[in-house]
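Visitor: Next come the chains, spelled out residue by residue.
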Amino acid sequence: MDFTFTDDQRQLRDALRGYLQRNNGFSVRTANARSASGWSESLWRGLADDLGILGLLVPEAAGGVGGNATDMMVVMDELGANLLVEPYLETAVIGASAFGAGHETELAAIARGDLRLAFAWAEAETRFDTLPRDTIALRTTVGWRLDGRKIVATAAPMATHLLVTARIGEEPALFLVEAGAVGVSQQAYPTIDGRRAADVTLDAVALPDHARVARGAEAIERLCDIGAAMLGAEALGVMRVMLDDTIAFTKERRQFGQAIASFQVIQHRMVDMYMQLELATSAVYRAVLSLGASPAERARAVSAMKVTVASACRFIGQNAIQLHGGMGMTDEVAVTHYFRRATVIETEFGSADWHRRRFAALSRAA
Amino acid sequence: MDFTFTDDQRQLRDALRGYLQRNNGFSVRTANARSASGWSESLWRGLADDLGILGLLVPEAAGGVGGNATDMMVVMDELGANLLVEPYLETAVIGASAFGAGHETELAAIARGDLRLAFAWAEAETRFDTLPRDTIALRTTVGWRLDGRKIVATAAPMATHLLVTARIGEEPALFLVEAGAVGVSQQAYPTIDGRRAADVTLDAVALPDHARVARGAEAIERLCDIGAAMLGAEALGVMRVMLDDTIAFTKERRQFGQAIASFQVIQHRMVDMYMQLELATSAVYRAVLSLGASPAERARAVSAMKVTVASACRFIGQNAIQLHGGMGMTDEVAVTHYFRRATVIETEFGSADWHRRRFAALSRAA
Amino acid sequence: MDIAWSADEIAFRDEVRAFLANELTDELRASGAHMTSVYADPRHARAWQAILHEKGWVAPSWPVEHGGTGWSLAQRYIWQRERIAAGAPPVSPMGVQMCGPAIIGHGSAEQKAFFLPRMLSGEHFWCQGYSETGSGSDLASLQCRAEEDGDDLVVTGQKLWSTHAHAANWGFFLVRTATLDRPQKGITFLLIDMTSPGVTVVPTVSPAGENIQNEIFLDAVRVPKANVVGAIGDGWTVAKYLLDFERGGAAYAPGLQIDLDEIEQFASEVRGDDGGRLIDDAAFADAIAQARIDVMALEIFEFRAMSDAGAGRYPAAIPSLMKIRGTELQQRITELRLLAAGRYGLAYQPQAGVSAGPVHFPHGEGDFVGPREAAIAPMRYVSERAASIYAGTNEIQRNIIAKIMGL
Amino acid sequence: MDIAWSADEIAFRDEVRAFLANELTDELRASGAHMTSVYADPRHARAWQAILHEKGWVAPSWPVEHGGTGWSLAQRYIWQRERIAAGAPPVSPMGVQMCGPAIIGHGSAEQKAFFLPRMLSGEHFWCQGYSETGSGSDLASLQCRAEEDGDDLVVTGQKLWSTHAHAANWGFFLVRTATLDRPQKGITFLLIDMTSPGVTVVPTVSPAGENIQNEIFLDAVRVPKANVVGAIGDGWTVAKYLLDFERGGAAYAPGLQIDLDEIEQFASEVRGDDGGRLIDDAAFADAIAQARIDVMALEIFEFRAMSDAGAGRYPAAIPSLMKIRGTELQQRITELRLLAAGRYGLAYQPQAGVSAGPVHFPHGEGDFVGPREAAIAPMRYVSERAASIYAGTNEIQRNIIAKIMGL
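Protein chains in written order, with this note's numbering: chain A, 34 to 399; chain B, 34 to 399; chain C, 127 to 533; chain D, 127 to 533.
Source of the hints: derived by calculation from the structure; they are not laboratory data.
Any given hint might turn out to be false.
Under the rule of at most 25 Å between Cα atoms (straight-line distance), these lysine to aspartate or glutamate pairs were calculated in the DMTMM-like manner [said to hold, decoys possible]:
| id | chain 1 | residue 1 | chain 2 | residue 2 |
| --- | --- | --- | --- | --- |
| 1 | D | 311 | D | 277 |
| 2 | C | 529 | B | 277 |
| 3 | D | 529 | A | 305 |
If you want the footprint, here are the derived chain C segments under chain A, 3+ residues with CB under 8 Å [claimed, not checked]:
| id | stretch |
| --- | --- |
| 4 | 197-211 |
| 5 | 229-238 |
| 6 | 259-265 |
| 7 | 327-334 |
| 8 | 391-399 |
| 9 | 502-516 |
Fair warning: this is a prediction, and the values are worked out from it, not measured in the lab.
Every residue gets a Cβ at the ideal spot worked out from N, C-alpha and C, and that includes glycine.
Kindly produce the complete structure, drawing on both the sequences and the hints.
Guide: Here is the structure:
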């Protein structure tokens, strides 16, 4: 048992931190988020070329780094601390984990930064359930035909390709669909954390045979668990900044002749925020280190993590705003942007209620 | 709409308060609770003869006061503030509400103090459900035969008679059973709040025809609602003392050179205790004032109240102990006795979970 | 004690209902029903106020001689409850509820004659100038200065968090006319024409992207001394009077009940986590029931305060207790609304609601995806974080209560 | 990073399991499994300690030369986990975990030679004399005085909350030997033979009716100066050393997991509110799942602290964070236990458990009603309210953390 980072991981973190400070500072990031496209091509290129982290999980043979889950956790934490709006999780985490043997081309494209992915799994009638219901894939003579509708597919408007879940009969499967393919249409909109998403309609979309990237419920659940675990790592960065900003603000802000950080009630609140962050960190470590375990153990660790992280996001986010007072209610201070990201993370890949229930079911089965 | 007490009610409260201070002071009350019988015959006589409150809900025609629910709320609140261990709720509230026309003899005996009742409704297999399941009443040529087993019947060891729920076929009913009747046996024990209770076994207990006091589910639910509402009123007195004692203690107790009541965290905790007490008071008023409403409205108000009061009992009780520090962990200070009474009240006549669910079901039906 | 409304009160309720049924247009109803925060947009608020003005119902809490309705506290409570239930937008509180009482209590005869009728008619639309960069909860530390110059005061400074200042033509301000031993002294309550030279309003963009609050910059703004309410230097007294004016009138519960009705209605139409309707989901149903139970207790607490105030008793801690509990539940209910919205709660679609001001973040126009209720949910959740901050943070309210409790 | 135990660690775990399976008698198991508080009764604790002593496993955290095991932090964690899982009673902490480290760190060679072996063997059963009427969280303000008189110190004063003083033959005390500018100065760490003339132990009855804590009255008790640990007047240093001794060793999670296992087992045998098994009740199942999730996070937090301590890093806030979270969950789980007990949770039946001391409230003997688990539930609930009070209240712990955070 060992919970220390390697020197390489520390160097990776420091390099990434410096790079993002230079290239994704708060005003730059906000401008990117509010631009027409909602993201920065040059930053994306930088992640690929300057940092090489788009291929972090891509095998070396396919042009990647061949890193492990802990390496990725280090990266996601920093991206969270810098509120990256580009589709890194969807591409470099979920995409890189979705493609196996036979999809080396796509893996190489991910590492090069040529592929930007969105993960279209949610449907109007499935709420937080992971598996597809009303998106149907049919065998055709040359491959597949997809019909259905996906909702709130984050990053879809900026994606070159979509990873779409659909069922073949009763079997869920994952398909790679070009964003501009005939029959694919998007209704795009921003999300409350300054990202973009779309409802995606698939109308007789014709796909080649090898567009089926993965099959079976476990494959999809595994991808969602990987996504949730790395989203949890991102949340750690988001929450750390909120706590640090709140401590700094309350030490500076004076009311009634003293810094508000000197009031005991404010101090204890920040202690509890710190506690929540430590517990969330612990839960994320376990989830990330369990990604290679049995499906049941992995799912249990991820669901436990998601409940813990959701509660920490809410507590730290709400109190960061509260302790910033009126300043927390303006768009000008960074903390409100972190708060909104934390709010989105709370329910991404399933709400706390959903994961608590999944955890209970898994615990019962064990 | 009017939420003020009448002059008569204020006088009743003052008279009762003075009487209990003189006759049920903390050391007297504790000695009574720990005596062999667990109660005081002389105090009981005083409630009947000196104060006349045993007959508060008994019609004047039957020798009682003919008071209303608000009068009883005033009394129960004071009894709570004085941690009365005698079976007042069981006798003067539930008993007096159970008996109708044809039972004037029993009503008069209640008012005189000659009847002491226990309400044996709970069974091992019903958890908090109100209605009987495994206690069976059969028609006999001369009346009824009762068989079954009741658990944790509070006040049973000190009662002259038991009010026992049983079912006749599918119909629930309420029976008056002499505590010493043939076939009735008790396994008695104290409860954690210093009262007494018993598991009661009924083995072919023969009852006369008029022993059936009430019939139908609504009659039993009404009694439980009345009991719960007045228990809520008692809780107000219990909680008020805990809050007052805690305020007094924290103003007196010094640590690090200052009264601990001067620490902001301690102050805010006591503000929240006060808030909980005000909300519980509001919920109790509504429940008590709804006792004469339609069964659904009454049940909804009582269940809402029970949830609110349970949460207030827990919050105020736990924090009263916490803020008393080590002193809260000895039997010597009164607050620990109030804490244990509050803990019992939390689940008496149903836990918060049970009542929240009942409330939701009633709201859905409405 | 009696929990039932009297026959007179029920008759009054029916009169109110009939009035609302007749006078509310679909557009006004939509404006009240689809608010993205607790504020109605100024345009609809003014249109609705015009209708109320005709009926004489703009300012129920004012004395009759100034245009009040002469209603009892119970009637005022019923009015609020029915108004909210009918989906009418709220009248802007800055004039009638905040500045009006100050003028009524401490204004000159001329001020009353000039301002009160225009406040009622809506000709004057008011904003507040209290908070400053360094003076939030610690309001008395305010620095915005007013120097005497002949018949005028010349005001220079900066104010924050002024709701609807961008739409207002008049503002009531606290300014510093002297620096004395206690910060509460030397503050003056001043009415400023927002079209005066030197007044600049800069929008504040909220976390939800809306411009509801504003910054106000005052650069040597000349204001006639005739616009001082009360005496120069005695503004703290006026401001405190204003806070005390509406005692016994807190009514959070009616709005929260309607919120819960909306959420339950929505939850009965969408899918829950266990495959059935969301409203049948055990955890969600539990959370809704708990919120209803909490609101019920608050409602009776409000009734009790009303009844006590009517009987001449009103414990000093009540307004702070109400504010804490009311806003806690308000925020809790926005959480439930967001939870009900599910995944559509992530989408930023202010165009689905009626915002109280211009929207500054990139967003769509017209069409939106998913249910309207889901689109409004994140706006409400984010906006209502302010509820525990404004008008004295809930931490400050607890300090106030602790002092009243003698701690 | 790696979350798995190593092969060596697993081998060690198996060794521990085998030992426990062989050595634990049914009586000892019952004593561990049916505790009415977190304390085992002294008789069983000593019996179990004798078995451990034979094996050399009484004091895993001690240096090997004094009788420690030489285990790694991970092995010590595994040992605790397995010990609890097997239902063994805990060894009394007052000697091995509290007084022992003080003697090891600051004691004389004679003290080490005399006391440590007897502490390990259980011949000496220890109690603590720290708290006083006026000195709880503010320990440094203690007043119990010791005057020098030749080779002796003469101690007069009163101590509170001394766990198992009624069963102890030795006690370690903090006494005041001088009054200086700072209250922490002039305090002396003293070992007192509890059979000395002038020592009187008076039982403190807990809210659950048990005598676990005691008051100790010291009336001119003569104690040889040879029993001072460290220097006279330097007791605060010794006491602080003792607190730091077990860094990285916090292990609340293993016990809490066993608690939850017990509650789930019980809940699968009794009826719930909706007619099925309690364990299938949605609200109860949710509460259990949440508690398990919380304990899982705490467990990894403990692993991280252990790993960091092994790597020489140990943030100063960790012990306080652990204490707060560990005791919060401990208390939360007693609430679940009480809830599971249902109506039988009202019954006062200490005779169903193994109390850590005499029981003073009226209660039955032998037979009890309802399930044993239900009978123990209220005892645990009431007793564990102390968890957030002892060893520095959780409020004090938050003050400590705030200071470390630089607030």
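Visitor: Work down the list of hints and note, for each, if the structure agrees.
Guide: Consistency of the hints with the structure:
1. D:311 - D:277: Holds, at roughly 22 Å.
2. C:529 - B:277: Distance of about 15 Å is within 25 Å: holds.
3. D:529 - A:305: holds (13 Å)
4. 197-211: Violated - the stretch 197-211 of chain C has 0 residues with a Cβ nearer than 8 Å to chain A, which falls short of three.
5. 229-238: Not satisfied, violated; 0 residues make the cut.
6. 259-265: Held - the stretch 259-265 of chain C has 4 residues with a Cβ nearer than 8 Å to chain A, which meets the minimum of three.
7. 327-334: holds (count 5)
8. 391-399: holds (count 4)
9. 502-516: holds (count 8)
Violation of the numbered hints given earlier is confined to hints 4, 5; the remaining hints are satisfied by the structure.
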